[in-house]
Amino acid sequence: MELTPQRFRVTRADLVRYAGASGDFNPIHWSDRFATGVGLPGVIAHGMLTMALAGRAVTQWAGSADAVVEYSVRFTRPVVVPDDDEGTEIEVTGVVKGTTEDGLTRIDVTAVCGGEKVLSQARALVRTSR
Amino acid sequence: MPMDPSLVGRSYPPGGTYLVGREKIREFAAAIGASDAVHHDPDAARKAGYPDVVAPPTFPVAVTMSSSERVISDPDLAIDYSRVVHGDQRFRYVRPVVAGDELVCTDTIEEIMSRGGHDFLTVRTEVAAAATGEPVVTVWMKLVVRGED
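If you read the protein sequences in the order shown, they are chains A and B. For the first sequence, my numbering gives the first residue as 1, with consecutive numbering after it. For the second sequence, my numbering gives the first residue as 1, with consecutive numbering after it.
By construction, these hints were calculated from the structure, which means they are not laboratory data.
Covered stretches of chain A (in silico footprint by chain B; criterion: 3 or more residues with CB under 8 angstroms from a CB of chain B, positions within the stretch not fixed):
(1) 10 to 21
(2) 39 to 50
(3) 53 to 62
(4) 68 to 75
Here are some, though not all, of the chain B residues that point toward chain A, as calculated from beta-carbon distances under 7 angstroms:
(5) Glu27
(6) Ile32
(7) Pro57
Even for Gly, the Cβ is constructed at its ideal location relative to N, Cα and C.
Working from the sequences, and respecting the hints, build out all of it.
This is how it looks when you write it as structure tokens:
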């Protein structure tokens with residue numbers, strides 16, 4: 001079963017806010033000079049911010065903020081965030097892959113930005129009722 | 001030089017205690033746009049059966065970051081941090097983290113692998129209640145250390 005796709009906009013302001021909230025102040029997430037100096041196309045989003053946004057889609061689908069029992073992702077490509085008002089957009093889609101022996105629902109998650117997959121092998125196990 | 005695989009199994013005992021603050025959870029939830037009431041409103045959290053506001057699923061990284069830095073900066077691993085890329089991340093929860101939790105982290109090197117000129121390091125962090133040792137969440141982080149160009 002396919003779940004309703006969700007879209008998340010990410011701007012430079014979001015990266016600054018996430019840096020402060022998470023404590024991850026790596027300059028590749030706020031300095032173009034530093035990011036391009038290490039070979040990136042520009043400032044990129046924290047992988048963990050992308051994982052958190054996809055996690056919001058998962059909790060939305062599960063219908064409860066505390067339903068997630070297991071959650072894992074692989075970061076495949078950087079999410080480049082331009083220094084403008086629009087930033088970029090991440091689209092998160094999910095497919096229900098069945099139920100485990102413990103009665104948990106398995107959801108396979110895909111996150112795409114600019115036509116490229118930014119998360120792969122992303123999956124969550126959720127409780128569907130408490 | 002590839003990472004020394006004999007370091008697999010090395011464990012780093014808990015450092016300090018992390019006290020989870022209500023405002024920190026609210027700040028983290030706001031930063032990821034998670035507006036669900038259980039992240040922000042203690043009454044809503046209590047109605048859902050928790051003692052205080054509930055952290056979003058990826059919040060434990062804010063707790064484990066400083067403990068896993070002990071591993072990354074271990075001189076025996078000799079990691080050049082400028083070549084590090086975050087590869088994989090995984091959480092397995094016993095229960096959600098809530099405000100008021102006092103947590104301790106025990107880190108263990110779970111896997112070291114070299115492939116295609118790159119090194120892969122997986123660190124497992126067991127996050128537990130400081131007072132009782134009750135397990136709360138297990139966090140796995142795989143880092144890729146890119147080889148010399």
